[in-house]
Structures are given as structure tokens and as C-alpha cells.
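Taking the hints into account, I'd like the entire structure generated from these sequences.
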Amino acid sequence: MLNEAIRHEIRLRLDGEQATLRMGEIFGRGCAPGTIIALHGDLGAGKTTFVRGLVAGLGAAEGTRVTSPTFTLVGEYQGRLRVFHFDVYRLGSELEFLELGAEEMLSSGGVCVVEWAEKVEGCLPDDRVDIHLGHAGPHRRNALIVIMSTGADRLAGLLQKGDPKYGITALDEEDNV
Amino acid sequence: MLVLGIETSCDETSASVVRDGREVLSNIVASQIDLHSRFGGVVPELACRAHVEQVLPIIESALQDAGIALGDIDVIAVTSKPGLIGALLIGVSAAKSLAWAAGKPLVGVNHIHAHAYANWLENPDTPYPAVALVASGGHTSLLLCSGPAEYRLLGATNDDAAGEAFDKVAKLLGLGYPGGPIIDKLGKKGNPKAVDFPRPMLGKDSLDFSFSGLKTAALYTCYGQDSRGGPLPMPNDLSEERVADIAASFQEALIDVLVAKTVRAADLTGVREIVVGGGVACNSRLRAKMGEAAAQFGLRMNIPSLKFCTDNAAMIAGLAFHSAARGEFAQLDLDASPSY
Numbered sequence: 017m018l019n020e021a022i023r024h025e026i027r028l029r030l031d032g033e034q035a036t037l038r039m040g041e042i043f044g045r046g047c048a049p050g051t052i053i054a055l056h057g058d059l060g061a062g063k064t065t066f067v068r069g070l071v072a073g074l075g076a077a078e079g080t081r082v083t084s085p086t087f088t089l090v091g092e093y094q095g096r097l098r099v100f101h102f103d104v105y106r107l108g109s110e111l112e113f114l115e116l117g118a119e120e121m122l123s124s125g126g127v128c129v130v131e132w133a134e135k136v137e138g139c140l141p142d143d144r145v146d147i148h149l150g151h152a153g154p155h156r157r158n159a160l161i162v163i164m165s166t167g168a169d170r171l172a173g174l175l176q177k178g179d180p181k182y183g184i185t186a187l188d189e190e191d192n193v
Numbered sequence: 098m099l100v101l102g103i104e105t106s107c108d109e110t111s112a113s114v115v116r117d118g119r120e121v122l123s124n125i126v127a128s129q130i131d132l133h134s135r136f137g138g139v140v141p142e143l144a145c146r147a148h149v150e151q152v153l154p155i156i157e158s159a160l161q162d163a164g165i166a167l168g169d170i171d172v173i174a175v176t177s178k179p180g181l182i183g184a185l186l187i188g189v190s191a192a193k194s195l196a197w198a199a200g201k202p203l204v205g206v207n208h209i210h211a212h213a214y215a216n217w218l219e220n221p222d223t224p225y226p227a228v229a230l231v232a233s234g235g236h237t238s239l240l241l242c243s244g245p246a247e248y249r250l251l252g253a254t255n256d257d258a259a260g261e262a263f264d265k266v267a268k269l270l271g272l273g274y275p276g277g278p279i280i281d282k283l284g285k286k287g288n289p290k291a292v293d294f295p296r297p298m299l300g301k302d303s304l305d306f307s308f309s310g311l312k313t314a315a316l317y318t319c320y321g322q323d324s325r326g327g328p329l330p331m332p333n334d335l336s337e338e339r340v341a342d343i344a345a346s347f348q349e350a351l352i353d354v355l356v357a358k359t360v361r362a363a364d365l366t367g368v369r370e371i372v373v374g375g376g377v378a379c380n381s382r383l384r385a386k387m388g389e390a391a392a393q394f395g396l397r398m399n400i401p402s403l404k405f406c407t408d409n410a411a412m413i414a415g416l417a418f419h420s421a422a423r424g425e426f427a428q429l430d431l432d433a434s435p436s437y
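Read top to bottom, the protein sequences are chains P and W.
So the first sequence is numbered by the numbering used here: it starts at 17 and just counts up by one.
So the second sequence is numbered by the numbering used here: it starts at 98 and just counts up by one.
Calculated directly from the structure, the hints in this document are not laboratory data.
It cannot be assumed that every hint is accurate.
Stretch-level coverage of chain W by chain P, calculated; a stretch enters the list once three of its residues show a Cβ under 8 Å from a Cβ in chain P [as the list claims (entries may be wrong)]: (1) 173–185; (2) 253–266; (3) 307–321.
The following residues of chain W were derived to be distant from chain P, with all beta-carbon distances above 12 Å [said to hold, decoys possible]: (4) Arg116; (5) Ser123; (6) Gln161; (7) Asp162; (8) Ala198; (9) Leu269; (10) Gly273; (11) Pro278; (12) Asn288; (13) Lys290; (14) Val340; (15) Glu370; (16) Gly424; (17) Pro435.
Just so you know, even glycine gets a beta-carbon here, dropped at the ideal spot from N, CA and C.
Printed below as a string of C-alpha cells:
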């Protein structure tokens with residue numbers, strides 16, 4: 017393989033909703049065409065909040081409304097790249113994910129972000145970013161980001177620095193997410 | 098003018114015949130709630146399969162009930178947006194096929210506009226302009242209705258819909274699906290002031306909604322925190338009284354926001370008529386509190402009976418009459434869309 021995927025593992029502490037939004041924005045600025053992001057985390061962990069930041073970071077028009085796709089299953093946004101926002105919480109099988117036209121969107125060159133990704137893991141390529149969001153208090157979340165994606169060194173660098181002004185700091189190794 | 102309306106945007110398959118936008122000759126609704134309740138929400142694949150099985154028999158019974166032959170129908174109307182894309186496509190395909198086969202004109206209807214219009218089916222004398230709150234499992238929107246079929250979006254939810262918040266909190270509390278009616282009933286036994294939940298307003302003049310934080314606040318109230326600050330994996334042994342108190346307090350917070358924003362919208366647009374629609378408009382506490390607020394601020398509340406609040410095709414056929422009267426027809430390439 018010419019561009020072998022390099023594995024980066026980043027642990028962040030997110031204080032306040034602003035921090036989750038900001039982390040999404042950093043992703044939006046740094047991610048390459050075709051990036052696939054698998055989001056994991058319980059109800060209220062900040063998955064849709066992350067996507068809101070991501071869409072803003074990709075330069076979507078001001079006032080773009082990123083709503084929960086729990087009902088409609090997939091939302092679509094246009095920024096510097098096209099964004100497909102899946103929520104597979106209600107899907108019964110991977111087949112239903114494919115019936116939504118997921119394959120086409122995953123290979124479209126746009127950014128695909130999938131909430132409750134563990135339900136459709138078999139449909140997602142290995143070359144992707146996994147983000148695990150965990151509750152660490154009513155206003156604090158921990159994030160474990162595993163990047164197995166080509167051309168993501170710059171993104172990894174941006175994330176590793178954190179952004180203390182927005183409540184994003186590095187998390188200790190032993191702190192579970 | 099006789100309009101046949103078809104609605105398949107979420108869990109209800111429905112067909113209806115309405116004369117001149119107000120006289121409901123038939124309104125058949127087949128609900129899939131029983132199918133879905135086992136899963137704690139609408140399961141899309143189930144929804145689509147059931148729509149396919151039901152849509153033609155339901156259309157036939159709507160015509161039969163009305164005593165009207167398809168040939169005597171003047172316009173065929175169908176919900177084309179917003180909703181679950183697979184479910185919408187089934188209604189849209191059925192409507193297009195019928196329109197083509199019977200040589201009838203076709204009208205595509207916006208589901209949210211139709212929920213606002215539902216009021217005029219029963220209360221045709223409600224004067225325009227009016228502000229409409231439409232709240233359901235998939236939508237929470239405020240509209241300015243300046244005339245029949247003249248609707249403008251004033252605000253909408255930034256994250257979760259009101260009905261979705263009811264469903265998710267009902268699930269947290271282990272109460273089942275659909276969450277709205279269950280919390281409504283249980284809330285009557287609870288103390289709405291037991292928990293001081295946030296009432297997100299997003300700024301004084303914003304007509305948008307945000308219910309995601311309220312859902313997270315309910316999560317922490319139900320589950321409590323572990324030593325690291327995260328929610329415990331299982332609820333503490335919540336007593337029945339505590340569950341009722343949380344349900345009542347959550348409902349109170351959500352409804353306070355819906356009412357305050359609707360009153361604000363009327364104030365900002367200088368409108369005196371308020372219309373409420375959508376499945377959440379069945380909630381007895383919302384009906385009572387919106388009525389109180391209307392009286393307090395000198396507004397008039399208009400709200401249809403429950404059967405026209407939940408999804409139904411009569412509202413689709415009713416609104417389509419006005420679109421047809423304005424010459425707003427769709428072609429046979431009418432497409433379904435998940436968004437507004």
C-alpha cells in the first residue's frame with residue numbers, strides 16, 4: 017500500500033458542551049475528503065453536538081441547522097465537503113443501513129459521520145476514525161479518538177494539542193473513557 | 098372539489114376524502130404503534146413494510162367510506178416531505194400511479210404545513226394570520242400562517258423534536274413507547290415542581306428550540322452519578338412516586354418552552370390567533386397551559402380534536418384543496434424529501 021494508514025490514539029477531556037462543539041470544528045477544518053467517522057457513546061454523550069461542530073468546521077453556511085437524525089436516519093449538509101450524518105439507533109440490521117444508500121455515501125468522497133456506529137460496524141471500512149464519547153459528569157465528557165486513516169497526521173496533530181481555551185485538554189492514560 | 102389525500106410519512110398509513118378543504122367524508126388511519134412499541138420507537142424497516150402492505154387497501158376503504166369512486170375524485174394529494182424517506186416514497190409512488198392511471202392532477206403536500214392546517218378542517222372560521230406550533234415525534238416548528246396554503250417557517254428545533262424528547266425520556270424511565278401519552282398520564286400523579294429542569298430559550302427573541310440538554314438533564318436525574326461523575330449503568334431503585342415526579346417535571350419544563358416560544362412568536366409577528374397541531378398537541382398539560390397563556394396574553398387558542406392532531410390524511414387532502422385552487426400542482430416526477 018502506498019499510503020499506509022497510521023494509527024493515532026488520542027484521549028481528551030471535554031469540559032462543557034462548547035468543548036465537544038470545538039472538537040467537531042477541529043475535525044471539520046482538518047479532515048480529508050472521504051473521511052469516515054464512527055461515533056460511539058450513550059444517550060446525551062454529545063454525538064449530535066460533535067456533528068454540529070463538524071459541519072460548522074467544514075464551512076457550512078451560517079444558520080445551517082444540524083438536527084438529530086434519529087427520526088429521518090440521515091441528514092445531508094454542504095460545506096467545503098459534503099457531509100452525510102447518519103443515526104442508526106433505530107435500525108434493526110446492517111442490511112437496512114445499506115438500503116439507505118449508505119455504500120454510495122461512504123464512497124462519495126464526502127465526510128460520513130455515523131452515530132451508534134457499533135450497530136453497523138461490518139459496513140464501515142477499517143480506514144476510519146472512531147470517536148468514543150463517555151459521560152464524566154453532567155457537564156464533562158471524555159473522548160477517546162482512534163484514527164486509522166490515511167493522510168490524517170495533520171488532524172491528529174491538531175487534536176493532540178487540545179484547545180484549553182475551549183475546555184479541551186489531554187486526558188491521563190489511565191483515565192477510562 | 099373532491100380531494101383524495103394519502104399520508105405515509107411515519108408510522109401511520111392513512112387515506113382520506115375531503116370536499117372543498119373542510120368537509121371530511123372519510124379518514125382511515127392504520128397505526129403501526131403495536132408493531133413499534135416492542136422496539137421502543139419507530140423501526141424504519143417495519144414502517145416501510147407495513148405501509149406497502151396497507152396503502153392500497155386503506156385508499157380503497159377511504160373511497161368506499163366516502164361513497165366516492167376514484168373517477169369522481171378531482172385531485173390526488175400526498176405528503177411528499179418531510180419524514181422518513183422510505184416511508185414517504187411508498188405514499189408518493191402510490192399517489193403518482195393513481196394520478197397517472199386515473200388521469201387526475203397531483204398535489205405534493207408539506208406534512209408540517211398540513212399539521213397546522215388541521216385546525217382549519219374543524220375550525221374553518223379561524224381568522225388569518227395565525228401563528229402555528231407544530232410539535233410531534235419528528236418535528237417542532239413555529240409557522241406564520243398568512244392565508245390558506247401560505248405558510249412561512251419562523252423557527253424550529255436545533256436538535257431533538259419535542260416528541261422525540263418525550264420518547265427518549267420515557268425510555269430512560271423504563272416506561273415504553275410512545276412516550277408522550279404515557280408521560281402525560283403518569284405526569285398527572287407526579288409533582289411538576291419536584292425537579293427543576295432547565296428551560297432552554299436560546300435567547301430572548303429566538304423562535305428556535307433545543308431539547309437535547311433537557312434530555313441529558315433527565316438522564317442524570319434518573320440515573321445518578323458514579324464516582325467518576327458519569328451516569329450509573331442502572332437506575333437507582335426509583336420509586337413509582339419518583340418516576341412520576343421526574344415525568345411530571347420533565348413534561349412541565351418542555352411544555353413551558355413550547356408555550357413561551359409560541360406566545361413570543363405571536364408577540365413578534367403581532368398576531369392574535371394561535372394554532373396548535375401535531376401529535377404532541379394531544380398532550381393534556383400542553384392544551385391546558387397553552388389555553389391559560391392565551392387567556393393571560395389576550396390571544397385566542399385554536400386546537401383541533403385529537404384525531405386531527407396525530408398523523409392523518411384528512412389534513413393532507415384539506416390543505417391540498419387550497420394548493421389546487423391556487424394552481425399549485427406537482428408533476429409525475431414529484432420526489433419525496435426527508436427535510437423541510
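Hint check results:
1. With 5 residues bearing a CB less than 8 Å from a CB of chain P, the segment 173–185 of chain W meets the requirement of three and the coverage assertion stands.
2. Counting residues of the segment 253–266 of chain W whose CB lies closer than 8 Å to any CB of chain P gives 8, which reaches the minimum of 3, so the coverage claim holds.
3. By the rule of at least three residues with a Cβ nearer than 8 Å to a Cβ of chain P, the coverage given for the segment 307–321 of chain W holds, with 7 such residues.
4. The Cβ of Arg116 (chain W) sits about 33 Å from the closest Cβ of chain P, beyond the 12 Å cut-off, so the non-interface label holds.
5. With a closest Cβ-Cβ approach of about 28 Å to chain P, Ser123 (chain W) is found to remain outside the 12 Å limit, as its non-interface label requires.
6. For Gln161 (chain W), the condition that its CB be more than 12 Å from all CB atoms of chain P holds, with the nearest at approximately 32 Å.
7. Listed as a non-interface residue, Asp162 (chain W) keeps its Cβ farther than 12 Å from every Cβ of chain P; the least gap is roughly 30 Å.
8. With a least CB separation of 27 Å from chain P, Ala198 (chain W) remains clear of the 12 Å interface cut-off, as annotated.
9. For Leu269 (chain W), the shortest C-beta to C-beta distance to chain P comes to about 7 Å, within the 12 Å cut-off, and the non-interface label is violated.
10. Every CB of chain P lies more than 12 Å from the CB of Gly273 (chain W), the least distance being 16 Å, so the non-interface label holds.
11. Taking the minimum C-beta to C-beta distance to chain P, about 18 Å, the non-interface status of Pro278 (chain W) holds against the 12 Å cut.
12. Here Asn288 (chain W) stays apart from chain P, with its beta-carbon at least about 22 Å from theirs, past the 12 Å limit.
13. Even its closest Cβ contact with chain P, about 20 Å, leaves Lys290 (chain W) beyond 12 Å, as expected for a residue assigned away from the interface.
14. The Cβ of Val340 (chain W) lies farther than 12 Å from every Cβ of chain P, with a closest approach of about 17 Å, so its non-interface assignment holds.
15. Residue placement check: Glu370 (chain W) keeps its beta carbon more than 12 Å from all beta carbons of chain P (closest about 27 Å).
16. Taking the minimum C-beta to C-beta distance to chain P, about 30 Å, the non-interface status of Gly424 (chain W) holds against the 12 Å cut.
17. Not every Cβ of chain P is farther than 12 Å from the Cβ of Pro435 (chain W); the closest lies at roughly 4 Å, contradicting the non-interface assignment.
In this structure, the earlier hints numbered 9 and 17 are contradicted, and the remaining ones agree with it.
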